[in-house]
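Got chain A sorted already, so can you dock chain B onto it with the hints?
There are 2 protein chains.
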Amino acid sequence: MPRILITAGPTREYLDPVRYLSNASSGKMGAALAKAALNAGFEVTIVSGPVGCHYPQELRVIRVTTTDEMLQACLQVFPDCVGAIGAAAPCDFRPKAVSVEKIKKTGDDTMTVEFVATPDIFAELGKIKQPNQWLVPFALETCENGKEHALEKLRQKNGDWIILNGPKTILGGYAEVEILDRTGTTLATLSGTKESVATQIIGTINAELRMQYAE
Amino acid sequence: MPRILITAGPTREYLDPVRYLSNASSGKMGAALAKAALNAGFEVTIVSGPVGCHYPQELRVIRVTTTDEMLQACLQVFPDCVGAIGAAAPCDFRPKAVSVEKIKKTGDDTMTVEFVATPDIFAELGKIKQPNQWLVPFALETCENGKEHALEKLRQKNGDWIILNGPKTILGGYAEVEILDRTGTTLATLSGTKESVATQIIGTINAELRMQYAE
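Quick note, the sequences are listed as chains A and B, same order. Counting in the working numbering, the first sequence runs from 14 upward without gaps. Counting in the working numbering, the second sequence runs from 14 upward without gaps.
In short, the hints are calculated from the structure, not lab data. Warning: the hint list may mix true and false statements.
Since the list gives no way to pick out one identical chain from another, each pair is judged satisfied if it fits inside one copy or across any two copies.
[Said to hold, decoys possible] Cross-link-like lysine to any residue pairs, in silico, SDA-like; alpha carbons within 20 Å at most: (1) Lys117 <-> Gly54; (2) Lys115 <-> Val126; (3) Lys115 <-> Gln146; (4) Lys115 <-> Glu127; (5) Lys118 <-> Gly179; (6) Lys118 <-> Val129.
Remember, it's a predicted structure, so these values are computed and weren't measured experimentally.
Pulled out of the complex, with its shape left as it was, chain A reads as follows:
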């Protein structure tokens, strides 16, 4: 069976042994997509950051902590997959310096931290993507011209379709997303429980793939 890669959950970038920068992400959308993909007949490898939610047993699950670890796992898995969906919220900055010991509060009770960008996982996958592979990143946009930003991201990452979602989707059970193709056409606007939206996302991708093969 064709295998797909799904990234899920947040990643963490540690400042010292206890403090870290992270992104709000429950892993639930990744889990729902994995279940929907299994139901649609795919095999699934999930690369997941630290989450409290449980993944279906039929999955191959690779657990990671940092964005770099997530990237390395994805680079290893992707060549054996027909496609990848990026439902993770990898932390896109890491501290420039990591302290081996817990940072102590100083007298003036302030702390200035310089962060540098972490690698863009789906942009890296976009570079090694073969003509028979597809890539579907997510874009979480909280401002008005979110669609424009999402399309820019889709091109930067060399993706095929992008799933645009708002901050409402992050932690709850409810999702509201829009699937766009590279021309900016909205293929679907979906809302409902994460399970129902995930099923419709997999359905939309499958329908697009069938259309491409038919062409």
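For chain B alone, kept in the frame of chain A given last:
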């Protein structure tokens, strides 16, 4: 029955709608202490940050996200308690400015964030502590002179005993702690599963309280 307050889990300090600074903390030690305290005949209110673990049903659980929310909840609950144990890992810094929209990566791919100290929850409880109440903060120390730092914290917070633990204890099921009194005397050195260590911590506190009443 006498009620005790237990804080548990991490807190989060958001930079924008998705990114946050946090501390590694599973909430398991708080849950184990709560169970041990119930078994010892206490009623328990737990004030907990976002965790994946489950708390026993017999507890009163107050869920919070930020350090300030944890402080407000504790200030409300503590006056009705005989004592408090601080097993939480509250994030001790918050960003000076919080962005309403998701911060975009800039061209040079760096980000400098100024953080300011959040309130010290147990130091605040120490200020309102009555003579018949007791306070047991935790100190997570990763460097060599950890005991010294822990004692300084104990005095700053006006606590009665302090539980010194190392970074090994943070996420796993295993704990290794030392209980110190204000003179620096080690009352107990405990190691084992979090459940077993929690039972021994409650036992040690109870024994100390009995000794005080006997005096």
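Original post:
From the Cα coordinates, with 20 Å as the cut-off, is the pair Lys115 and Glu127 best called within, between, both, or neither?
Top reply: Intra 17 Å, inter 18 Å, cutoff 20 Å: intra and inter.
Original post:
Between the shortest in-copy and the shortest cross-copy C-alpha distance, which are at most 20 Å for Lys115 and Gln146: within, between, both, or neither?
Top reply: neither (44 Å within a copy, 30 Å between copies)
**OP:** Please work out whether the CA atoms of Lys118 and Val129 approach to 20 Å or closer within one copy, between two copies, in both situations, or in neither?
**Re:** Between copies only: 10 Å across, 22 Å inside.
Original post:
Using 20 Å as the alpha-carbon threshold, which applies to Lys117 and Gly54: within, between, both, or neither?
Top reply: Intra 52 Å, inter 37 Å, cutoff 20 Å: neither.
Original post:
Taking 20 Å as the upper bound on the Cα-Cα distance, should Lys115 and Val126 be classified as within, between, both, or neither?
Top reply: both (14 Å within a copy, 18 Å between copies)
Subject >> Same-copy or cross-copy closeness of Lys118 to Gly179 [CA-CA at most 20 Å] >> reply: between (36 Å within a copy, 18 Å between copies)
Of the numbered hints stated above, those contradicted by the structure are hints 1 and 3, listed in ascending order.
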